[in-house]
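Colleague: UniProt numbering puts the first residue of the sequence shown at 1, with every later residue one more than the last.
Hints in this document: simulated from the structure, not taken from any laboratory.
Glycine included, C-beta positions come from ideal geometry on N, C-alpha and C.
There's no promise every hint is true.
Here are the simulated BS3-like pairs of lysine-lysine, each with C-alpha atoms no more than 30 Å apart in a straight line [said to hold, decoys possible]:
id, residue 1, residue 2
1, K113, K21
2, K113, K79
3, K88, K34
4, K29, K83
5, K23, K34
6, K63, K100
7, K21, K99
8, K63, K113
9, K28, K113
10, K83, K63
11, K29, K99
12, K29, K79
13, K63, K34
14, K113, K100
15, K29, K88
16, K83, K99
17, K83, K100
18, K23, K113
19, K88, K21
20, K88, K100
21, K34, K21
22, K63, K99
23, K21, K63
24, K28, K79
25, K88, K28
26, K113, K99
27, K34, K100
28, K99, K88
29, K79, K63
30, K99, K23
31, K79, K99
32, K113, K83
33, K99, K34
The calculated label-pair distances, taken between Cβ atoms and stated as ranges, are [claimed, not checked]:
id, residue 1, residue 2, range
34, P95, G30, 32 to 38 Å
35, A17, P95, 35 to 41 Å
36, D102, G64, 24 to 30 Å
37, N107, A17, 20 to 26 Å
38, I47, N107, 17 to 23 Å
39, F16, N71, 29 to 35 Å
40, R76, S33, 27 to 33 Å
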Amino acid sequence: DGRISRSSEVNLPSPFAGIAKLKRNFFKKGLNSKDLVVLSGGHTIGISNCGLINTRIYNFTGKGDFDPSMNPSYVRALKRRCKPNDFKSSVEMDPGNVKKFDSHYFNIVAQRKGLFTSDSTLFDDPE
Numbered sequence: 001d002g003r004i005s006r007s008s009e010v011n012l013p014s015p016f017a018g019i020a021k022l023k024r025n026f027f028k029k030g031l032n033s034k035d036l037v038v039l040s041g042g043h044t045i046g047i048s049n050c051g052l053i054n055t056r057i058y059n060f061t062g063k064g065d066f067d068p069s070m071n072p073s074y075v076r077a078l079k080r081r082c083k084p085n086d087f088k089s090s091v092e093m094d095p096g097n098v099k100k101f102d103s104h105y106f107n108i109v110a111q112r113k114g115l116f117t118s119d120s121t122l123f124d125d126p127e
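With the sequences and hints as input, model every part of the structure.
Modeller: So, in structure tokens, the structure goes:
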């Protein structure tokens, strides 16, 4: 959206947001549920910092557990890439497909392999 990116100017949904919050945020901007799903597909490209997912894979409820909505084999793979308190390493948003824009992202999310809560929660809504 520009040549320079500043965190103070970013207006993106939180990766920790659930479906209700995501829908509210999109509706406030005149967008609907279909727009939310389509734009989430942008996660087929790119990487994330491990720091954004460490709680989700290591201490989701404060008891040393992982988010139960995640595929356990995917969590094991993520733990091999992201160690506890690792804020420097990165992980692909769409494993093995990081440079190709296609629908593969939706396949992995359907397999409970969404990296962010905001990815996984797309399947929490019957719409």
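Colleague: Does each hint fit the structure? Answer for all of them.
Modeller: Evaluation of the provided hints:
no. : hint                   : verdict
1   : K113 x K21             : holds (21 Å)
2   : K113 x K79             : holds (13 Å)
3   : K88 x K34              : violated (34 Å)
4   : K29 x K83              : violated (37 Å)
5   : K23 x K34              : holds (10 Å)
6   : K63 x K100             : violated (37 Å)
7   : K21 x K99              : holds (29 Å)
8   : K63 x K113             : holds (22 Å)
9   : K28 x K113             : holds (28 Å)
10  : K83 x K63              : holds (17 Å)
11  : K29 x K99              : holds (29 Å)
12  : K29 x K79              : violated (36 Å)
13  : K63 x K34              : violated (36 Å)
14  : K113 x K100            : holds (18 Å)
15  : K29 x K88              : violated (33 Å)
16  : K83 x K99              : holds (24 Å)
17  : K83 x K100             : holds (27 Å)
18  : K23 x K113             : holds (21 Å)
19  : K88 x K21              : holds (28 Å)
20  : K88 x K100             : holds (24 Å)
21  : K34 x K21              : holds (15 Å)
22  : K63 x K99              : violated (36 Å)
23  : K21 x K63              : holds (25 Å)
24  : K28 x K79              : violated (36 Å)
25  : K88 x K28              : violated (34 Å)
26  : K113 x K99             : holds (18 Å)
27  : K34 x K100             : holds (22 Å)
28  : K99 x K88              : holds (21 Å)
29  : K79 x K63              : holds (16 Å)
30  : K99 x K23              : holds (28 Å)
31  : K79 x K99              : holds (22 Å)
32  : K113 x K83             : holds (18 Å)
33  : K99 x K34              : holds (24 Å)
34  : P95 x G30: 32 to 38 Å  : holds (33 Å)
35  : A17 x P95: 35 to 41 Å  : violated (22 Å)
36  : D102 x G64: 24 to 30 Å : violated (36 Å)
37  : N107 x A17: 20 to 26 Å : holds (22 Å)
38  : I47 x N107: 17 to 23 Å : holds (19 Å)
39  : F16 x N71: 29 to 35 Å  : violated (19 Å)
40  : R76 x S33: 27 to 33 Å  : holds (32 Å)
Hint check: violations occur at hints 3, 4, 6, 12, 13, 15, 22, 24, 25, 35, 36 and 39; the rest are consistent with the structure.
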